[in-house]
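**Student:** The task is simple: from the sequences and hints, build the whole structure.
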Amino acid sequence: MAQRSGVSILQRFEALPIIIVFVLLLLLFMYRAPEVFLAPYIYTTFLSTLPPLILLAAGLTFVIGAGEIDLSFPSIIAFSGFVFAVLFKEYDLGWIAVVAGLASGILVGFLNGIIIAKIGIPSFMTTLGTQFFWAGMATVLSGGKSYALRGVEESSVWQWIVGRPFASASTPWLQELSIQGLWTAIIVGFLWLILTRHRFGEHAMFIGDSNDVSRVVGIDVDREKIKIFTLMGFLAACAAIILTLENKNFFGNQGQGYLLTAIASVLIGGTSIFGGQATIIGTVFGCFIIGMVEAGLVASGLTGAWVRTVQGLIFLVSIIFYMYADEPQRRQALFANLRSLGRLGGVRATEEGGVRR
Amino acid sequence: MTPAAGEFESIVRLEGVQKYFGAVHALRDIDLSIGRNEIVGLIGDNGAGKSTLIKLMTGVLAPTSGRIFIREREIQPGEYSVRMAHDLSIETVYQDKSLAEKQPLWRNFFVGRQITNRFGFIDIKREKEVAQKILIDTIGFRGVGITVDSTVGNLSGGERQGIAIGRAMHYNADLIVLDEPTAALGVAEVRKVVEFVRRIKQSGRACIYIEHNLAHVHEVADRLVVLDRGRVVSEINPKDMTVPELTEYLIALQHNA
Chain A
18 MAQRSGVSIL QRFEALPIII VFVLLLLLFM YRAPEVFLAP YIYTTFLSTL PPLILLAAGL
78 TFVIGAGEID LSFPSIIAFS GFVFAVLFKE YDLGWIAVVA GLASGILVGF LNGIIIAKIG
138 IPSFMTTLGT QFFWAGMATV LSGGKSYALR GVEESSVWQW IVGRPFASAS TPWLQELSIQ
198 GLWTAIIVGF LWLILTRHRF GEHAMFIGDS NDVSRVVGID VDREKIKIFT LMGFLAACAA
258 IILTLENKNF FGNQGQGYLL TAIASVLIGG TSIFGGQATI IGTVFGCFII GMVEAGLVAS
318 GLTGAWVRTV QGLIFLVSII FYMYADEPQR RQALFANLRS LGRLGGVRAT EEGGVRR
Chain B
5 MTPAAGEFES IVRLEGVQKY FGAVHALRDI DLSIGRNEIV GLIGDNGAGK STLIKLMTGV
65 LAPTSGRIFI REREIQPGEY SVRMAHDLSI ETVYQDKSLA EKQPLWRNFF VGRQITNRFG
125 FIDIKREKEV AQKILIDTIG FRGVGITVDS TVGNLSGGER QGIAIGRAMH YNADLIVLDE
185 PTAALGVAEV RKVVEFVRRI KQSGRACIYI EHNLAHVHEV ADRLVVLDRG RVVSEINPKD
245 MTVPELTEYL IALQHNA
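Just so you know, the sequences run in chain order A and B. For the first sequence, our numbering gives the first residue as 18, with consecutive numbering after it. For the second sequence, our numbering gives the first residue as 5, with consecutive numbering after it.
Read the hints as simulated data drawn from the structure, not as lab findings.
Not the full set, but computed from the structure, chain B residues with beta-carbon under 7 Å of chain A:
hint	residue
1	101
2	115
3	125
Okay, derived cross-link-like pairs now, DSS-like style, lysine-lysine, Cα gap no bigger than 30 Å in a straight line:
hint	chain 1	residue 1	chain 2	residue 2
4	B	205	B	59
5	A	135	B	59
6	B	106	B	132
7	B	132	A	244
8	A	135	B	106
9	B	106	B	129
10	B	129	B	101
11	B	132	B	101
12	A	265	A	162
13	A	135	A	244
14	A	244	B	101
15	B	205	B	132
16	B	106	A	244
17	A	135	B	101
18	B	129	A	244
Distance ranges between label pairs, derived from CB positions:
hint	chain 1	residue 1	chain 2	residue 2	range
19	B	64	A	30	34 to 44 Å
20	B	128	A	33	11 to 21 Å
21	B	190	A	33	32 to 42 Å
22	A	229	B	217	23 to 33 Å
23	A	47	B	187	54 to 64 Å
24	B	128	A	149	36 to 46 Å
C-beta: ideal position from N, C-alpha, C; glycine also.
**Tutor:** Next comes the structure, spelled out in structure tokens:
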């Protein structure tokens, strides 16, 4: 009966396993590359480079938790980034460019949601298609050009969104502190509240659990799915604007590197690949791990080629771990399979032995 | 009983209801009334029209013709829906799609009708308190190692039916429709479900109980309604017939066709 009385330690502390893994990795890197990981600069760099990944992964936490997937966000980064960059640079529209960039992401996400919920095409197929469509649109409209935003750091847009508020401080690492870390923390904190305490977050989890049950208990499944994809579009647009401003440059494939890292961060964090279970805190630590592994491996003297290999390995190990930890029926099935495989293997080995003899 | 409750005799009444699916005449001339505190067992072979009948009563399907009365008030065919049925205190418990597996019980109790502030944020503390009360008082789960934080996936089939029935009772359903609640359950689990059905009766509510297993339904029902090829062919008082007699009767029905 003990395991039924509900709350295991895994459930009581949201994302506990991944936080432990994070701390262990951090200690490992501090040991392997103390000159990097015991100095403040790597952390101030994270604050400026990780926000786009964290925003994308936070949105994907809702999408994957609801049992869906979005592959189109790299293109939303391209398209919204383009809308923002062209209005900002060519038309000098300042904050209006920011609003337009966000609106374009919301629109693309909303259209994804309509196709998925109302027309009924699986999200994998839908967003694979829209991924190509919007990336193509961005390239066609920009003519394949990149937009260098020279002098952008003078604008209030840059200062407010990705500025360095302590640039005139005397401590060097304080000068490097970037403000997008703060905005990201606020947005992610709000999304955590939504996921754990708001009706919308609960509906997303029930939809991920079962569309049928959700309908029976009175959830408007179609409408909630549209909202989820619209939220994803909005967050991808936020990421696009931060990325463009931080790089002071827009280029068409600036979102491509995020496809796998964002999905990996979500799954490493403990959100279920089968839907119905999701954690924003886990996702954030998943992002930290992905970002840290990249920096840490390079700092430890390994080549960049190792980064992807190790990220892929962490990704797989964590998924297997969560399957083991969170889904008793799958765990049992897995063990049963392993046992029968073992038996088969054993039988075959003895048979072969017999033949040889 | 409140005076308002005394104003009607039947919770649901069908008059001359027909249902066609294309050319298939699924339900013919159904006249049926469900009393206020009555457990009605709906029995009949596969394809007899049991499911179609409850779908008409719970707003999932609209009849082709005929009249539906809820608490003696006629319902316009076009406006009846599942949501309206909920508003009229009619709840349906489906055999396997009433609860979400990976979610804790307290969320399952309130999903779709959460206790929220005006921004839609859930009052978790209050929901858990109420869920705890439902668990202990309404469903009677004591000392079985189930708390409001347990996930549905950890519950047995019978316990799940109990949770779903308890939820319906909590929302003051006047009529609870059970769609084969004992399908695929073990003997001990079936006992639990039968016990939950008795609680429905004790609490002054009505229940429609669709069941394949005649013994289960014979045990708790006040009245058995036999459907055969879309018609109500007889209404039986379980006291007048033993289970073997009932079985004989149903088999004879098939052969007389």
